[in-house]
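Quick mapping for you: the protein sequence lines, in order, are chains Z and B.
With the working numbering as the guide, the letters of the first sequence map in order to residues 1 to 297.
With the working numbering as the guide, the letters of the second sequence map in order to residues 298 to 660.
I should point out that these hints are in silico values taken from the structure, not numbers from a laboratory.
Glycine included, each C-beta is placed from N, C-alpha and C at the ideal position.
Warning: the hint list may mix true and false statements.
[Said to hold, decoys possible] Okay, derived cross-link-like pairs now, DMTMM-like style, lysine to aspartate or glutamate, Cα gap no bigger than 25 Å in a straight line:
no.	chain 1	residue 1	chain 2	residue 2
1	Z	Lys118	Z	Glu129
2	B	Lys303	B	Glu632
3	B	Lys544	B	Glu528
4	B	Lys326	Z	Asp267
5	Z	Lys118	Z	Asp267
6	B	Lys456	Z	Asp267
7	B	Lys646	B	Glu632
8	Z	Lys118	Z	Glu219
9	B	Lys326	B	Asp615
10	Z	Lys118	B	Asp468
11	B	Lys302	B	Glu632
12	B	Lys544	B	Asp526
13	B	Lys456	Z	Glu129
14	Z	Lys118	B	Asp615
15	B	Lys456	Z	Glu219
[As the list claims (entries may be wrong)] Residues of chain B placed beyond 12 Å of chain Z at every Cβ, according to the derived structure:
no.	residue
16	Val300
17	Tyr307
18	Ala324
19	Gln332
20	His377
21	Ser463
22	Asn472
23	Thr483
24	Gly500
25	Leu501
26	Arg516
27	Asp537
28	Ala574
29	Leu575
30	Pro637
[To be verified] Pulled from the structure, derived: some chain B residues nowhere near chain Z, Cβ distances all over 12 Å:
no.	residue
31	Leu317
32	Asn378
33	Gln412
34	Val426
35	Gln493
So you can see what is in the structure, the chains are spelled out below.
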Amino acid sequence: MDADHLALQYLLSGITKGSIYAVVAIGFNLIYSATGVLNFAQGEFVMLGGMVAVTLAAFVPLPVAVTGAVLLVTIVGCALELVFFRRLRRHSVLHLVIITIGLSIVIQEAALHIWDEKVRSLPYFTGNEASSIQLAGASISPQVLWVLGTVGLAVLALHLFLRRTLTGQAMRACSAQPEAAMLAGINLNNMRTLAFGLSAGLGALAGCVISPITMTHYEMGAPLAIKGFAAAILGGLGNPTAALVGGLLVGILEAASVSVLPAAYNDVTAFAVLLAVLFIRPHGLWGKPAGESVREH
Amino acid sequence: MHVLKKIAPYLGLMAGLVLLQLVLRLAGKDFWLTQLTMSLYYTIVVLGLCLLMGFAGQVSLGHGAFFAMGGYTAAWFTTHNFSSAGNSSWVAILRNVGALQERTDLYGNPILTGQPWAGCLMALGLTLVVALLIGYPALRLRGHYLAMATLGFGLIISKIIVGSSSLGAADGLTNVPPWSLPFGLTLGGRAALRIQNYYLAAGLLVLTLLLLRNWVHSRVGRALQAIHDRETAANAAGIDTARYKLKTFVASALLAALAGVCFTHYAGGIAPSEAGALKSVRYVALAAAGGLSSLWGVTTISTTLNFCSLRGWFGSLDHAVFGGVLILIVSLAPEGPLRPLGQWLLRLKSRFSHGKEGADATA
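Make a model of the complete structure from these sequences and hints.
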């Protein structure tokens, strides 16, 4: 394989992983815009989605298992908001962030006790691990197309939802101006629940489609959260479209670094990106520097 | 009288620590002191984190990594055999400043290793640099960027440790020699040194508490309080918020590293699990469970829970217990369990004895 094809191969693998980071980043953004909280349990939604789907797939056909997993994790997301964040609105943001850290550990430990420490995975949606499609000289697994297609569709659907539907516009109103949105008769609490649900469901979907490629493991959440966060920062917190590009960039950089760094230091790339962005452009590649506001966040 | 009131809690704490040791001696449970000593070192990490979370309003998920960084630097420096590199210039420099010692290993072979005090200095120096590198960009911004930056840092440190054979990879470093301190004291894990080491750790804890108390009541502390209450107002009043937050972060990282160094000499080794994200989350949990800015609450809760965990009383639910405690206490009693408990006691007291003002139980 010559250098061009190798580069293409890296690029494709980067885009595949990057699309998952993008989904996590979008999830961060949804919750951050609605509540001002950085949700450390974001990666756990992806893990839960994969785990539940693997379990369900033993009993029902794959599409049903994936749908079931997404629905279940969406409910978990909504439940977290209803049980914790709705009742704790008077707590400071610091306390809420600390609670998400606790939730991430409890979810992880619960997964360890419900399932076990073994690595599991869903079957390939079409074909198997050996099947591949030739594309401009690079060979890609059909699952990669599934990942890209699903993530692409999900992001498009989210975009249309936020822009074109009344509920979506209400959600955006809440993150732009909570007080004004409330005056306009929007139920802020329900919008926050919706943000948690959407963000959890999206994460679960990503967890299902990526499971055949990267496998599902109870500890996979934290690294995903940090990479997703790096992607969200790269795009600029609060901007879902930019988060998509940020995720892809982090994925591609990571794949490219594999050719330079030993594989064990894979995660270093995302962290380096995170620190570099914080150093150079803390408002993200596309964001504008935020003005100081007196509103407590 | 005024001074006495100020130092009374510390005298009380010291008396409590001594009493604890005597009770354990009478109960024939002297061996519990080992876990208690380790819990005290962990508590020092948590207290440092408390300073950062309770007073600077920032979360660090990298304190496990700072602890491990201190421990691993000390362990590596005091166990690595420099004799093979005996002729290189930096070994000569180390030898000239007296940072190296000739000793024999377990099998009686002569080896040339670092002195514990030099290892400790190296650990603190390294931590200082790293904490500045991470803290500077993350703390210039508002919001919880430091939490994510330190989470990433922690993940990387544990990857580097597990991936480096010179750091013992997954097995960690062992055979760390005891640290001979002045006044004939030795920081080490031999059973004969148990009581001595308990008091060493206890002394360090009291010292840390005094240090933090002074920090909080100094100019820096008042600036932090202002930042915590209303950051924009503090900025407007001319407080360089980023600088104070950075100072606090670095100080708390240094405390974690120092605890790591002492812990490693006491335990005689260190394992990669110390650097894991779960350990860092555990410190955050303990700081939050103690009530963030309540140093006494944190000391009590952290020492108790760490001790129970080290004795293995939580079984396979070890991590889950810390996560659960974190969620419960932060959602139900964000100021820590001691304050509501103290208020409840005060109410109870005032119901029985009217008129007389009771002492503030939470101080």
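Comparing the hints with the structure gives:
no. : hint                : in the structure
1   : Z:Lys118 x Z:Glu129 : holds (19 Å)
2   : B:Lys303 x B:Glu632 : holds (22 Å)
3   : B:Lys544 x B:Glu528 : holds (16 Å)
4   : B:Lys326 x Z:Asp267 : violated (45 Å)
5   : Z:Lys118 x Z:Asp267 : holds (21 Å)
6   : B:Lys456 x Z:Asp267 : holds (9 Å)
7   : B:Lys646 x B:Glu632 : holds (21 Å)
8   : Z:Lys118 x Z:Glu219 : holds (10 Å)
9   : B:Lys326 x B:Asp615 : holds (23 Å)
10  : Z:Lys118 x B:Asp468 : holds (21 Å)
11  : B:Lys302 x B:Glu632 : holds (23 Å)
12  : B:Lys544 x B:Asp526 : holds (18 Å)
13  : B:Lys456 x Z:Glu129 : violated (28 Å)
14  : Z:Lys118 x B:Asp615 : holds (19 Å)
15  : B:Lys456 x Z:Glu219 : holds (14 Å)
16  : Val300              : holds (34 Å)
17  : Tyr307              : holds (28 Å)
18  : Ala324              : holds (33 Å)
19  : Gln332              : holds (22 Å)
20  : His377              : holds (22 Å)
21  : Ser463              : holds (14 Å)
22  : Asn472              : holds (26 Å)
23  : Thr483              : holds (37 Å)
24  : Gly500              : holds (31 Å)
25  : Leu501              : holds (27 Å)
26  : Arg516              : holds (23 Å)
27  : Asp537              : holds (15 Å)
28  : Ala574              : violated (5 Å)
29  : Leu575              : violated (7 Å)
30  : Pro637              : holds (15 Å)
31  : Leu317              : holds (29 Å)
32  : Asn378              : holds (25 Å)
33  : Gln412              : holds (32 Å)
34  : Val426              : holds (14 Å)
35  : Gln493              : holds (36 Å)
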